[in-house]
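For the sequence shown, position 93 (counting from the first letter as 1) is numbered 93 according to this note's numbering, and the numbering increases by one without interruption.
The hints are simulated quantities; they were obtained by calculation from the structure and are not laboratory data. None of the values given here were measured: they were computed from a predicted structure. The beta carbon of each residue, even a glycine, is placed where N, CA and C say it ideally should be. Hints are supplied without guarantee of correctness; some may be wrong.
Said to hold, decoys possible - Label pairs and their calculated CB-CB ranges:
no., residue 1, residue 2, range
1, Q71, P137, 21 to 27 Å
2, A144, A13, 42 to 48 Å
3, E49, P137, 33 to 39 Å
4, R96, R145, 16 to 22 Å
5, D121, T16, 36 to 42 Å
6, A140, R96, 31 to 37 Å
7, A19, Q71, 17 to 23 Å
8, D149, Q71, 23 to 29 Å
Claimed, not checked - Straight-line Cα separation of at most 25 Å, SDA-like style, residue types lysine to any residue; simulated pairs:
no., residue 1, residue 2
9, K18, T114
10, K18, Q117
11, K18, F65
12, K18, V39
13, K18, T47
14, K18, R76
15, K18, E99
16, K18, P73
17, K18, T74
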Amino acid sequence: ISGDSEANSVADALETNKALIRIDFVFKDNNYFDPNNLVQALNGLSTLERLCCISLSRSSLEAQFLLTNLQHPTLRELILEGNFDTDGSSPSEFVRNHESLEVLCLNSHQNNATLLQAVLDHPTIRRLDLISVVMSPQVASLVARLIQDRLHT
Numbered sequence: 001i002s003g004d005s006e007a008n009s010v011a012d013a014l015e016t017n018k019a020l021i022r023i024d025f026v027f028k029d030n031n032y033f034d035p036n037n038l039v040q041a042l043n044g045l046s047t048l049e050r051l052c053c054i055s056l057s058r059s060s061l062e063a064q065f066l067l068t069n070l071q072h073p074t075l076r077e078l079i080l081e082g083n084f085d086t087d088g089s090s091p092s093e094f095v096r097n098h099e100s101l102e103v104l105c106l107n108s109h110q111n112n113a114t115l116l117q118a119v120l121d122h123p124t125i126r127r128l129d130l131i132s133v134v135m136s137p138q139v140a141s142l143v144a145r146l147i148q149d150r151l152h153t
């Protein structure tokens, strides 16, 4: 779903296609998505397993809103690419609230220790792609532990 899609038409399309398994979104500066309608429609998809959002806009609000409001028990893969700069706490809560999650790919420029600890504690995540601008010694230590733990399982 990309281009100049109207939020209502996207939500309507999701409402009429409740058996969708995979959705890829592209956000551009000229897109207008009503985040409430979009998240409500996404939460209504009982079979959704993979959600990929690519942001070509200069705002990271879409990522924050999605991570804060998406409640999807069957979601196995969440991929946020492009200009999604999350603060670490939203993805951490998302990880804790989605026990079926297996793949998490995102940009996170701060507070990565919280996110990495949530991933370490998660029972089913088998892949984490994290683009990080800030790598503190604490975060580097957690990354090393994550790699070591996952290599032995």
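Does the Cβ distance between A19 and Q71 fall inside 17 to 23 Å?
holds (19 Å)
Would you mind confirming whether the straight-line C-alpha gap from K18 to Q117 stays at or under 25 Å?
violated (34 Å)
So does D149 sit 23 to 29 Å from Q71, Cβ to Cβ?
Cβ of D149 to Cβ of Q71: about 28 Å, so the range 23 to 29 Å holds.
Just to be sure I understand the hint, the distance between the Cβ atoms of A144 and A13 should be within 42 to 48 Å; is that true here?
holds (44 Å)
Please work out if K18 and F65 have their alpha carbons no farther apart than 25 Å.
holds (21 Å)
Take a quick look at whether K18 and E99 sit within 25 Å of each other, Cα to Cα.
Holds: K18 and E99 sit about 21 Å apart, inside 25 Å.
Is it true that D121 and T16 lie within 36 to 42 Å of each other by Cβ?
holds (38 Å)
For E49 and P137, compare the CB-CB distance with the range 33 to 39 Å and indicate the outcome.
Since the Cβ atoms of E49 and P137 sit about 36 Å apart, the hinted range of 33 to 39 Å holds.
Is it true that the CA of K18 sits at most 25 Å from the CA of T74?
holds (13 Å)
When you check the alpha-carbon spacing of K18 and T114, does it fall within 25 Å?
violated (34 Å)
Pairwise hint evaluation, R76 against K18, where the allowed Cα distance is 25 Å at most:
Measuring from Cα to Cα gives roughly 17 Å; hence the hint holds.
Taking 25 Å as the top limit, are the C-alpha atoms of K18 and V39 close enough?
holds (14 Å)
In terms of the numbered hints stated before, the structure departs from hints 1, 6, 9, 10, listed from lowest to highest.
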